[in-house]
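Student: In case you want the letters, here they are:
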Amino acid sequence: MLLLECPYCGVKAEETELTAGGEAHLKRFGPGSSGEEFEAYMFARKNPKGVHFERWRHAYGCGKWFLAARCTATLEVFGTYPAQTTEPPADLVEKIKAKRPDWKGTK
Amino acid sequence: MSTRLSKGGRLIDRTAPQEFTFNGKRMRGFGGDTLAAALLANDQMLVGRSFKYHRPRGIVASGAEEPNALVNMGEGGRFEPNQRTTTTELFDGLTCTSQNHWPSLEFDVGVVNNYASRFLPAGFYYKTFIHPRFAWKHVFEPIVRQSAGLGKVPKDRDADRYEQAYAFCDILVVGGGVAGLQAALTAAKAGKSVWLIEQTAHWGGRAVVDGAVIEGQPAEAWVNAALQTLERMENVTIRSRCMAAGSYDHGYVLCDEKVADHTPGDGRPRHRLWRLRAGQIIAATGAIERPLSFAGNDIPGVMLAAAVRDYLVNWAVAAGDRTVVVTNNDDAYRTAIALKEAGLEVPVVLDARASVSGELPARARALGIRVETGRAIAKVKGGKRVTGVAICAQAGQGAVIEEIDCDAVAMSGGWSPVVHLWSHCGGKLKWDDAQAQFAPDKARPPINHDGGALVLTAGAASGVLSTADVLADATEAAGGGAVPAAQDAAEGAMEPVWVMPQGAPVALRMKMWLDYQNDVKVSDVQLAAREGYTSVEHTKRYTTLGMATDQGKLSNINGLAVLADSLSAPIPQVGTTTFRPPYTPVTIGALAGEARVDIFQPLRRTPIHDWHVAQNAYLEPVGLWQRPYCYPRAGETHEQAVHREVKNTRSNVGLLDASTLGKIIVKGPDAGKFLDMLYTNVMSNLAVGKCRYGLMCNEQGFLSDDGVVARIDEDTWLCHTTSGGSDRIHAWMEDWLQCEWWDWQVYTANVTEQYAQIAVVGPKARQVLEKLGGMDVSKETLPFMQWADGTLGGFNARVYRISFSGELSYEIAVPASEGRAFWDALVAAGAEFGMMPYGTEGLHVLRAEKGFIMIGDETDGTVIPQDLNLGWAISKKKADYLGKRGQERPYLASPDRWKLVGLETLDGSVIPDGSYAPAPGMNANGQRNTQGRVTSTYFSPTLGKGIAMGLVKGGLSRLGETIEMTRLDGSTMQVKIVDPVFYDKEGEKQNV
Ligand SMILES: [Zn+2]
Numbered sequence: 001m002l003l004l005e006c007p008y009c010g011v012k013a014e015e016t017e018l019t020a021g022g023e024a025h026l027k028r029f030g031p032g033s034s035g036e037e038f039e040a041y042m043f044a045r046k047n048p049k050g051v052h053f054e055r056w057r058h059a060y061g062c063g064k065w066f067l068a069a070r071c072t073a074t075l076e077v078f079g080t081y082p083a084q085t086t087e088p089p090a091d092l093v094e095k096i097k098a099k100r101p102d103w104k105g106t107k
Numbered sequence: 001m002s003t004r005l006s007k008g009g010r011l012i013d014r015t016a017p018q019e020f021t022f023n024g025k026r027m028r029g030f031g032g033d034t035l036a037a038a039l040l041a042n043d044q045m046l047v048g049r050s051f052k053y054h055r056p057r058g059i060v061a062s063g064a065e066e067p068n069a070l071v072n073m074g075e076g077g078r079f080e081p082n083q084r085t086t087t088t089e090l091f092d093g094l095t096c097t098s099q100n101h102w103p104s105l106e107f108d109v110g111v112v113n114n115y116a117s118r119f120l121p122a123g124f125y126y127k128t129f130i131h132p133r134f135a136w137k138h139v140f141e142p143i144v145r146q147s148a149g150l151g152k153v154p155k156d157r158d159a160d161r162y163e164q165a166y167a168f169c170d171i172l173v174v175g176g177g178v179a180g181l182q183a184a185l186t187a188a189k190a191g192k193s194v195w196l197i198e199q200t201a202h203w204g205g206r207a208v209v210d211g212a213v214i215e216g217q218p219a220e221a222w223v224n225a226a227l228q229t230l231e232r233m234e235n236v237t238i239r240s241r242c243m244a245a246g247s248y249d250h251g252y253v254l255c256d257e258k259v260a261d262h263t264p265g266d267g268r269p270r271h272r273l274w275r276l277r278a279g280q281i282i283a284a285t286g287a288i289e290r291p292l293s294f295a296g297n298d299i300p301g302v303m304l305a306a307a308v309r310d311y312l313v314n315w316a317v318a319a320g321d322r323t324v325v326v327t328n329n330d331d332a333y334r335t336a337i338a339l340k341e342a343g344l345e346v347p348v349v350l351d352a353r354a355s356v357s358g359e360l361p362a363r364a365r366a367l368g369i370r371v372e373t374g375r376a377i378a379k380v381k382g383g384k385r386v387t388g389v390a391i392c393a394q395a396g397q398g399a400v401i402e403e404i405d406c407d408a409v410a411m412s413g414g415w416s417p418v419v420h421l422w423s424h425c426g427g428k429l430k431w432d433d434a435q436a437q438f439a440p441d442k443a444r445p446p447i448n449h450d451g452g453a454l455v456l457t458a459g460a461a462s463g464v465l466s467t468a469d470v471l472a473d474a475t476e477a478a479g480g481g482a483v484p485a486a487q488d489a490a491e492g493a494m495e496p497v498w499v500m501p502q503g504a505p506v507a508l509r510m511k512m513w514l515d516y517q518n519d520v521k522v523s524d525v526q527l528a529a530r531e532g533y534t535s536v537e538h539t540k541r542y543t544t545l546g547m548a549t550d551q552g553k554l555s556n557i558n559g560l561a562v563l564a565d566s567l568s569a570p571i572p573q574v575g576t577t578t579f580r581p582p583y584t585p586v587t588i589g590a591l592a593g594e595a596r597v598d599i600f601q602p603l604r605r606t607p608i609h610d611w612h613v614a615q616n617a618y619l620e621p622v623g624l625w626q627r628p629y630c631y632p633r634a635g636e637t638h639e640q641a642v643h644r645e646v647k648n649t650r651s652n653v654g655l656l657d658a659s660t661l662g663k664i665i666v667k668g669p670d671a672g673k674f675l676d677m678l679y680t681n682v683m684s685n686l687a688v689g690k691c692r693y694g695l696m697c698n699e700q701g702f703l704s705d706d707g708v709v710a711r712i713d714e715d716t717w718l719c720h721t722t723s724g725g726s727d728r729i730h731a732w733m734e735d736w737l738q739c740e741w742w743d744w745q746v747y748t749a750n751v752t753e754q755y756a757q758i759a760v761v762g763p764k765a766r767q768v769l770e771k772l773g774g775m776d777v778s779k780e781t782l783p784f785m786q787w788a789d790g791t792l793g794g795f796n797a798r799v800y801r802i803s804f805s806g807e808l809s810y811e812i813a814v815p816a817s818e819g820r821a822f823w824d825a826l827v828a829a830g831a832e833f834g835m836m837p838y839g840t841e842g843l844h845v846l847r848a849e850k851g852f853i854m855i856g857d858e859t860d861g862t863v864i865p866q867d868l869n870l871g872w873a874i875s876k877k878k879a880d881y882l883g884k885r886g887q888e889r890p891y892l893a894s895p896d897r898w899k900l901v902g903l904e905t906l907d908g909s910v911i912p913d914g915s916y917a918p919a920p921g922m923n924a925n926g927q928r929n930t931q932g933r934v935t936s937t938y939f940s941p942t943l944g945k946g947i948a949m950g951l952v953k954g955g956l957s958r959l960g961e962t963i964e965m966t967r968l969d970g971s972t973m974q975v976k977i978v979d980p981v982f983y984d985k986e987g988e989k990q991n992v
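Residue numbers (the numbering used here), protein chains in the order written: chain A, 1 to 107; chain B, 1 to 992.
These are calculated hints, taken from the structure and not from any lab test.
Straight-line alpha carbon distances no greater than 25 Å define the calculated PhoX-like cross-link-like pairs of lysine-lysine that follow:
1. B:953 to B:884
2. A:64 to B:673
3. A:99 to B:428
4. A:27 to B:878
5. B:430 to A:49
6. B:876 to B:673
7. A:49 to A:104
8. B:877 to B:690
9. B:690 to B:876
10. A:27 to B:673
Not everything, but these chain B residues come out facing chain A in the computed CB check (under 10 Å):
11. 248
12. 425
13. 454
14. 879
15. 886
16. 890
From the three backbone atoms N, C-alpha and C, an ideal C-beta is built for every residue, glycine too.
Kindly produce the complete structure, drawing on both the sequences and the hints.
Tutor: Spelled out as C-alpha cells, the structure:
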C-alpha cells in the first residue's frame, strides 16, 4: 500500500485512493504512424527493476492525474509531479541520479 | 504428571476460579490462566493428534509459536477451529474439543498411519498423484480426504461482529517486552506520536519471568513503572491483545486486536482490525526458542525449556514432577534452577556442549542439580506421555549410556529472532554464527517511501539476548537516549546442535520431528535433499515443512539447518524461506469487518427505487445499481411478465426507469474538438437542439462504449453512456484531457446521479405526455433525434426524442429530487392509455428485435465497430480519433472477421446462450474450428419466435445461409443467417 503525495492537493494519498495508469511519458502515435511506432506506443513497456516513472490518478481525492518517480525494487519514491509535461522535471532527474548513480536516465 | 502448585503464579487470580470443558470433561482453572496453562494444571498432557500420522501430541510452547495444542473453540455461531490454547485466555464457561482424531483423542484409528509412516514419506502427495495412475483417485484420495484437515469447518453464521479502524502514528512499536517499552518511552519522550501494541494481555515479555534486574529493581517493577509513564503520555496509544499481522509498503500495518475473545457475547466487537499507517515500525517482537531434534521429541511432556519456565512462574503449573533439561545453551539452566527452587525435581541437565562454565550452570550445580556435558537424548520413552529418557553421547550414534525416569523434558536449541515484520516488506537477514540464528542485517532494512529504513528491530528481535543489550538496542532503534542499567547472569557461548545425537542412524532420525503440526521429520528433509530438492523453497513445498498454520515458527531454522547439512552447504547459502503475513492467523470475520450481509458492498439506487420495490419488481444488479428486471404480477412467471411488458410497449405504452444511464456534460471552447477525438463520428457539427448516436473506441480501435450525444448550447454537449460505463468513460475523458491535450479548454462533469431519466415508450407515448401538458411534444416541434427543455405536468424537464426500442420514445430528464414525483405523475397520466412499466429484460428484448447492439453483449473488447456493421458511424473525413490508428491494422480489415448477423432457428425455437458454430477441421491445439457464436438470444413476444444476434465469419455476405450451431450440451441445431433487424426494418415506428 504505497503512499504518494498528490502534487495538486498536497494530500499524502494512500494507494486505495489512487488508480494506477501504467508507464508515464509515452508518446501517442496516431494515424500515419508506422507499425513499429504504433506497436511501441500500444504495447512496449519498460518494466524496469529500479527507477520507473508512472501515471497515477488521485481518483478518490481531487481527481487529478499526476506522475510519480519511484524505485520498483525498494518502493522508494523520488518524487511526484503534475502530468502536464512530456518529461520529468530536471531537479527530480538530478535527485534520482544522486541517489542512484547507476541509473541510465530517462532517454 | 503436570499439576498446579499451591503457591506462586504471577498472572493467576486464585480467588477467581473458572470452569471449562475439554472434550466434554469439566475442568477448573483460574482467572489469568491461558487455556494451555489450565489444561496442564488439570494434567491434560495429551491435547491433540498430529496431522499425518495422528501421533499423540501435547503442549510444546507457551505462546503464539505453539504447533500442537490447537482446539475447536466454542459452539454454534461462536465455533472456531484451530485456536491455539497457548494464546487463548481462559474464561468461565469455555468449551473446547481436541482436533484431528477419530473416534476419540485417546483411541485414534488414524494412528495406523504412524505404523505405516515409511509409506508416507516426504512428497507423499505428489508421488501418489503420479503412479500408479488409478491409485490417487481410488485409493489415496479417499484416505487423505478422510484423515486430513485440522479442525472442523464452522457451519453456522458467525454470531459476532467485527470492526475495522484506521490510525496513524510516527512510530509503531510492536511488542510489549522490555525492548518495546523502552523503545516506546524513548520515542515518546522525543515527542513522537507512538503506538505500542502487545499480542498478549500482559506486559514485560521474558524479562519478568526470567528475573532480570533493571535500574536496581526487579524487571516487573520497572515494567509497571514504564507502562504507567506511557499511559500518562498524550502522544502514546497502548493496545494489548493486539497482534501485528503484517507490515506492508510504506508503513502500512495490519493489526488484529482481540477485543472480546476472552469475554464472548458481552456486546463488544470480537476483534478490531486496525489499518495502521506508521512513519516507522519498531519490531520489538522478541525471539522464539528452538526445539532440539532427538528421537521422540514430539511425545507429550516434551516442551520448550522457556515454556516450562513460563508455566511455572506465570501460572504456577509444573509440567512434570521430574523434568529432564536438555540444552545446547546456558539459558535453559534458568528452567532447571526455577524448577529446583520451586521444589520440583530435575534429575539431570543434559548439555550437548563438551564443557560449560557459565554463571547459570554454576548456580545449577550449586543447587545440587546433576549436569552432564557432551550428553544427548538418544530417545524419549513413552507414548501418550513421557516416561523417561535414554541418554547417549552427543558425539556418537546413540548408544544408550543410561536411562532416567522422568515425566517431562525441557529442551532448548537456542533462540531465533522473530523477524517477520522486518522481512514482510523486504528487510534482509544475515547469519549470526555465535547465536546460530538469522538476524536482521541492519545495513539492509526494508525501505520507506523516503528511502530511509521502514522497519527497525529492537531487543531480542535484533538478535541480542542479555537485558542490558536489549535495552541499549531498543533505545538506539527509537532514536537514542538514556539507557537504563540492567544486570542478568552472564551467559557462555551456545553451540549449534541440529541433530541429537550427531551421528543418529535413520531409525532415530525417523522419530525426530522438525515440524510438529505437519509431521515433517529430519528424515523427510534428508530424503528431499537426496531426491534433488536443493532449494529451501522447493524443499518446503515438497515436505510441507513450515506450511501449517504455525508457518514453521519452531521448525524453519532447524529444517533448513538439516537441509544445509544434507547438501554440505553453509546455512546462509541455503537461506530461509520467505516470511509472509499474517504472523498468526487472522480470522476471516476480522478481515471482512462490517462488510457483510446488507452492507457487503455499496448499492446504487435510482430516485424511483422504492416504487419498484413496492411494485414487487424483480431486481437485478447492473454494476452496483439495482434495476428492475421485470414487474411480475400475481401468478406470473418472470418470463411471462417480460412478454407482457414487451407486447404492451409495442402496442400501447411502456415506462422505463432509465436513470442509471450515464450522463456526462462536456463543456468549453474546445469541447467539440475533444468530442471529435473521443467519438468515431463527428460531434462538433451537431446543431444545438439535436442528438446523434456515437461510438467510443479505445486506442486499439475496439468498441468501448456507445450512446446518444445532445448538443445543449454553443459550447456544451451532453454525452449519454451505458449504465455501467459512466464512471469509466468519465475517467477516460479526464485522462485524455489531463495527460494528453492539457492545453485544450474543456471541462467534464459526470451528472449521472443528478438526474432521474424516464423513458416513455410506445405508440401512445405522445398522448401520455400531452395529457401531462406543458410543452409541445409534437412531431413538428420535437422530431426524432432532437431534444427540448420545457415543463411537463409542472415539472421542469429536458425531453429527448431518442429510442432504444424502435418505438415512438421520449426520454425525459428531471432533477433527481423530483424523479419519484414525476414518475408518479406519469403513472397516473398513463393509466387510461394502458401504460405499464417494463424492466431491463424487456429493454433487452425490444432492442434485440430492432438489431440494436448492447455493449458487453455484442462487444467483448476484441470487436471493432466495423464488425457490427456500424461503419456508418465512423467518420472517413476525420484525420484522427481515438482508435483510428488501431483500426488501420491489416488484420482488422480481414474479410474473415466475425461480423454481426441475425440468427434464427428453423423451427422458431430460442438458440441457447453460449451456442457456437463449429467449422470443419481442427486447430493447432486439436480443438474444433469455429466460425461464429451467439451474442444475444431471446424469445421475441412481438414476432412469436426465437431471435438472436451473433458474430459469424463473413457476416451478412452469408445472408440466407443455414449453418450448424452446437448447444452447450454438444447437441446441434440448424440456424439461418438473417438480417439482425427483426422488426420494423425501415424504422418507421420511432419516427412518428
Ligand atoms: Zn489530489
